[in-house]
Amino acid sequence: NAGVMQNPRHLVRRRGQEARLRCSPMKGHSHVYWYRQLPEEGLKFMVYLQKENIIDESGMPKERFSAEFPKEGPSILRIQQVVRGDSAAYFCASSPLGQVNTEAFFGQGTRLTVV
Amino acid sequence: AQSVTQPDIHITVSEGASLELRCNYSYGATPYLFWYVQSPGQGLQLLLKYFSGDTLVQGIKGFEAEFKRSQSSFNLRKPSVHWSDAAEYFCAVGSGGGSQGNLIFGKGTKLSVKP
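These protein sequence lines are chains D and V, in that order.
The numbering used here applies: residue 1 is where the first sequence begins, and numbers increase by one.
The numbering used here applies: residue 1001 is where the second sequence begins, and numbers increase by one.
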């Protein structure tokens, strides 16, 4: 059973471009979470999605950031008009539907560098 | 507000020595507690978790942690450190029940191991 797959692993964007980060959850998992890790910091929760629904986006910046988890395909975290401050590692985690008290499993992350 | 504090930013221990990494949390209800490890450039791997029951929790790689409600602590311990344990360690707290993907992380403790 493959783990949480994130791609690309590394992404370089110029200021003002768009960044698209993809996350394929573990097989059988229908909950996806996105986190951002700034240098020398812990992970900060951004958004929690289930298939076709955003459940909690309390950690998402109000502008330029959006996330989706369509019925088919991976979850996408989209950052429009990137700025230097968006440079960070972005992690996705997934967990299964209907199981109480189970942990989330993390992907390897996408390291975004804005130049 | 919920929070997790890891007081030690960086710890160095000699190989074979014992280890204790501190974690204090602030949470209104019964917390769900986790320790994750992150090797450089990698994702997070779960070491152990506490949901309920026995307050001494055994994890992978010889790690254990003890939940102390009176001290709001969940310190991670290992009796004998190996060079391969050098990594960054994150303590996290989650809400009770359901999928545990919406977590609050501490800022991490970087562990160095001397030969």
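Certain hints may be false.
Derived DSS-like pairs: lysine-lysine, alpha-carbon spacing no greater than 25 Å straight-line [as the list claims (entries may be wrong)]:
id, chain 1, residue 1, chain 2, residue 2
1, D, Lys44, V, Lys1114
2, V, Lys1107, D, Lys62
3, D, Lys44, V, Lys1110
4, D, Lys62, D, Lys51
5, V, Lys1107, V, Lys1068
6, V, Lys1114, V, Lys1061
7, V, Lys1049, D, Lys44
8, V, Lys1061, V, Lys1110
9, V, Lys1068, D, Lys27
What the hints contain is simulated information worked out from the structure, not anything from laboratory work.
Evaluated hints:
Using a Cα cut-off of 25 Å, the hinted pair Lys44/D and Lys1114/V is violated, with the two alpha carbons roughly 31 Å apart. A hinted pair counts as satisfied when its Cα atoms are at most 25 Å apart, and Lys1107/V with Lys62/D qualifies at roughly 24 Å. Using a Cα cut-off of 25 Å, the hinted pair Lys44/D and Lys1110/V holds, with the two alpha carbons roughly 18 Å apart. Pair hint Lys62/D plus Lys51/D holds up; C-alpha atoms about 22 Å apart against a cutoff of 25 Å.
Annotation: proposed proximity of Lys1107/V to Lys1068/V holds, straight-line Cα distance about 20 Å (limit 25 Å). Straight-line distance between C-alpha atoms of Lys1114/V and Lys1061/V comes to about 18 Å, which keeps the hinted pair within the 25 Å bound. Among the hinted pairs, Lys1049/V with Lys44/D is consistent with the structure: their alpha-carbon atoms are about 19 Å apart, no more than 25 Å. With a C-alpha separation of about 17 Å, the suggested pair Lys1061/V and Lys1110/V falls inside the 25 Å cut-off, and the hint holds.
Annotation: proposed proximity of Lys1068/V to Lys27/D is violated, straight-line Cα distance about 35 Å (limit 25 Å).
Violated hints, in rising order: 1, 9; the structure is consistent with all others.
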